[in-house]
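**Q** The primary structure of each chain is shown beneath.
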Amino acid sequence: MPLLWWTCAAFGLFGLSLGADPVKKLEHACGKTALNLLMITLSVTPVRSLTGLPQLLRLRRMLGLFAFFYAVVHFTIYLVLDLELNFRLLGADIAKRPYITIGFTALVLLVPLALTSTNGMMRRLGARWQRLHRLIYPIAALAVWHFYWQVKRDVREPLLYLGILALLLGYRLLRWQRLPADAHPRAAAPGALTSRSGSATAPGRT
Amino acid sequence: MTPRPTPIAPSEITPPEVYFSRRTLLAAALASAASGCVRAAGGEPAGAPLAYERNARYSVSEKPNTYDEITTYNNFYEFGTDKESPSEYARMMRTRPWSVTVAGEAEVRGRFDLEDLLKGQPLEERIYRFRCVEAWSLVVPWVGFPLGKLLGRFKPTSRAKYVELTTLYAPQQMPGQRAAVLNWPYVEGLRIDEAMHPLTLVVVGLYGRTLPNQDGAPLRLIVPWKYGFKSIKSIVQIRFTEREPNTAWNVAAPHEYGFYANVNPAVDHPRWSQATERRLGSPFLAARRPTLPFNGYAAEVASLYQGMDLRRYF
Ligand code: HEM
Numbered sequence: 000m001p002l003l004w005w006t007c008a009a010f011g012l013f014g015l016s017l018g019a020d021p022v023k024k025l026e027h028a029c030g031k032t033a034l035n036l037l038m039i040t041l042s043v044t045p046v047r048s049l050t051g052l053p054q055l056l057r058l059r060r061m062l063g064l065f066a067f068f069y070a071v072v073h074f075t076i077y078l079v080l081d082l083e084l085n086f087r088l089l090g091a092d093i094a095k096r097p098y099i100t101i102g103f104t105a106l107v108l109l110v111p112l113a114l115t116s117t118n119g120m121m122r123r124l125g126a127r128w129q130r131l132h133r134l135i136y137p138i139a140a141l142a143v144w145h146f147y148w149q150v151k152r153d154v155r156e157p158l159l160y161l162g163i164l165a166l167l168l169g170y171r172l173l174r175w176q177r178l179p180a181d182a183h184p185r186a187a188a189p190g191a192l193t194s195r196s197g198s199a200t201a202p203g204r205t
Numbered sequence: 000m001t002p003r004p005t006p007i008a009p010s011e012i013t014p015p016e017v018y019f020s021r022r023t024l025l026a027a028a029l030a031s032a033a034s035g036c037v038r039a040a041g042g043e044p045a046g047a048p049l050a051y052e053r054n055a056r057y058s059v060s061e062k063p064n065t066y067d068e069i070t071t072y073n074n075f076y077e078f079g080t081d082k083e084s085p086s087e088y089a090r091m092m093r094t095r096p097w098s099v100t101v102a103g104e105a106e107v108r109g110r111f112d113l114e115d116l117l118k119g120q121p122l123e124e125r126i127y128r129f130r131c132v133e134a135w136s137l138v139v140p141w142v143g144f145p146l147g148k149l150l151g152r153f154k155p156t157s158r159a160k161y162v163e164l165t166t167l168y169a170p171q172q173m174p175g176q177r178a179a180v181l182n183w184p185y186v187e188g189l190r191i192d193e194a195m196h197p198l199t200l201v202v203v204g205l206y207g208r209t210l211p212n213q214d215g216a217p218l219r220l221i222v223p224w225k226y227g228f229k230s231i232k233s234i235v236q237i238r239f240t241e242r243e244p245n246t247a248w249n250v251a252a253p254h255e256y257g258f259y260a261n262v263n264p265a266v267d268h269p270r271w272s273q274a275t276e277r278r279l280g281s282p283f284l285a286a287r288r289p290t291l292p293f294n295g296y297a298a299e300v301a302s303l304y305q306g307m308d309l310r311r312y313f
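Protein chains in written order, with numbering that gives the first Met the number 0: chain P, 0 to 205; chain E, 0 to 313.
Next comes chain P alone, as it looks inside the complex (with noise of 0.2 Å):
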């Protein structure tokens, strides 16, 4: 767990260390964990379909979550131990600093996302369910474009990752058009090639 790993850096333990600014070092694992943990998240669909395993289905909903935990984590360390509590300075830089605005965005997008995690909030909903999940395209995008922004100069990571955000989204539109008409994820939820019924283990691709 990378978590384990930077608490045992922050105090010093086993000669492992955060380096001269253990506040930035932090954030930035954090905020990387969760954008890598939401790519992982995405790929489960198409390596599900690729590989033949449709058992990998049930990581999907543990990586999301642990998506939005490590998203909330980066956003604690961020008001907690960069700005020091100071509302104000959040306020200012959600308004005016756009990569902020971004990120908070994606931030507050998930939030849905993760209340309606549960098999009771699946079974409810039905397929809006599916729609409302679908909102993880658009937050993978903003969280791509959250780090592409907040780059000084070198922007090789960002792109890197937004090359790997459109590989996961082109193979979804790929699909899509290859699906019958009947099938299409606005017509029907392409979860039906799994099951239709709402069940809890398959809700569709997402």
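For the record, the hints were derived by calculation from the structure and aren't laboratory data.
Take the hints with a grain of salt, since some may be wrong.
Listed next, the in silico DSSO-like pairs over lysine-lysine satisfying Cα-Cα at most 30 Å (straight line) [what the hints assert, rightly or not]:
id: 1; chain 1: P; residue 1: K151; chain 2: E; residue 2: K62
id: 2; chain 1: E; residue 1: K82; chain 2: P; residue 2: K24
id: 3; chain 1: P; residue 1: K31; chain 2: P; residue 2: K151
id: 4; chain 1: E; residue 1: K82; chain 2: P; residue 2: K151
id: 5; chain 1: P; residue 1: K24; chain 2: E; residue 2: K62
id: 6; chain 1: E; residue 1: K82; chain 2: E; residue 2: K62
id: 7; chain 1: P; residue 1: K95; chain 2: P; residue 2: K151
id: 8; chain 1: P; residue 1: K95; chain 2: E; residue 2: K82
id: 9; chain 1: E; residue 1: K82; chain 2: P; residue 2: K31
id: 10; chain 1: P; residue 1: K151; chain 2: P; residue 2: K24
id: 11; chain 1: P; residue 1: K95; chain 2: P; residue 2: K24
On the provided structure of chain P, position chain E with the ligand as indicated by the hints.
**A** Relative to chain P, chain E with the ligand alone:
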């Protein structure tokens, strides 16, 4: 935090003229301790000891950052864009022999060995604030001498309105230069009156010893009232010009990094605020502090910019 032992690169082998025995090192350490010089708490300064005097007039009373903090958290894109990259890779740079080319609007031009440039130049220690454009800051005990004293020797002509400084270009030794992150070589510049200002330093040492490579060995600039990127490292050329030089960050993103780059809490970077900064090495939750106009050096330098719109000339 203990620095890892590192293999000795040719650049690190002490040249005979600064070779010193363990005994003289000990004596130097005792002498400097006796004279009340700053000691680094975190990390032992490497490099050869320098003879210098503390300049109290130009030193701030804030507590200097540790040697480790100053030498493991650097922006020196020639060695990579991570803060840790310079301390990891800078040992690839050869700093001896080193020469500086002087060109442009000056009577004395040519190529000068580092030793000749430093000969007879008394060194001072000055504890300056250092403010990065990324909104973090340090307090650093530099050793050097006023740039004006060096420039005067080249007899700039009346057409010398600016000074342009250039960093070493050597992709073999500077792996970061193999990617076009900036327009290499790195170029910086000052108006001639800024360059001649007594606060503007040529720096050759840190914590009483020769500069480590990642901090810009063997000689660098320090302009304490400007954002850190103005303080160019590992200088190989000085050129006097009539026109404002095209400086590296200004060329890379002109709307984000101006030529002047004076520390100014009232003018934000387009993507982040400059009103406050985080002082590295502070306890948790006590690092953020207001940024001061001209980084706290307004009394000395504000007059240089009288009548200028600092929002326009940021
Ligand atoms: C889905 C939500 C988010 C994701 C995936 C995310 C991801 C990231 C990533 C990948 C980085 C760059 C890390 C690096 O350079 O190694 C970053 C930096 C940053 N993020 Fe986020 N972020 C999110 C939300 C937020 C929010 C809500 C805020 C604040 C309101 C925020 C504030 C920041 C800040 C301040 C930085 C560092 C900028 C600097 O170096 O000064 N992020 N984030």
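**Q** Please go over all the hints and tell whether each is borne out by the structure.
**A** For each hint, the structure was consulted:
1. P:K151 <-> E:K62: Holds: K151 (chain P) and K62 (chain E) sit about 29 Å apart, inside 30 Å.
2. E:K82 <-> P:K24: Within the cut-off at roughly 10 Å; holds.
3. P:K31 <-> P:K151: Given that 30 Å is the threshold and the Cα spacing comes to 16 Å, the pair holds.
4. E:K82 <-> P:K151: Roughly 12 Å separates the two Cα atoms, so the pair holds.
5. P:K24 <-> E:K62: Measuring from Cα to Cα gives roughly 23 Å; hence the hint holds.
6. E:K82 <-> E:K62: Distance of about 22 Å is within 30 Å: holds.
7. P:K95 <-> P:K151: 17 Å, holds
8. P:K95 <-> E:K82: 26 Å, holds
9. E:K82 <-> P:K31: 16 Å, holds
10. P:K151 <-> P:K24: The hint holds at about 16 Å.
11. P:K95 <-> P:K24: With a Cα-Cα distance of about 24 Å, the restraint between K95 (chain P) and K24 (chain P) holds, given a limit of 30 Å.
No hint from the list above goes unmet by this structure.
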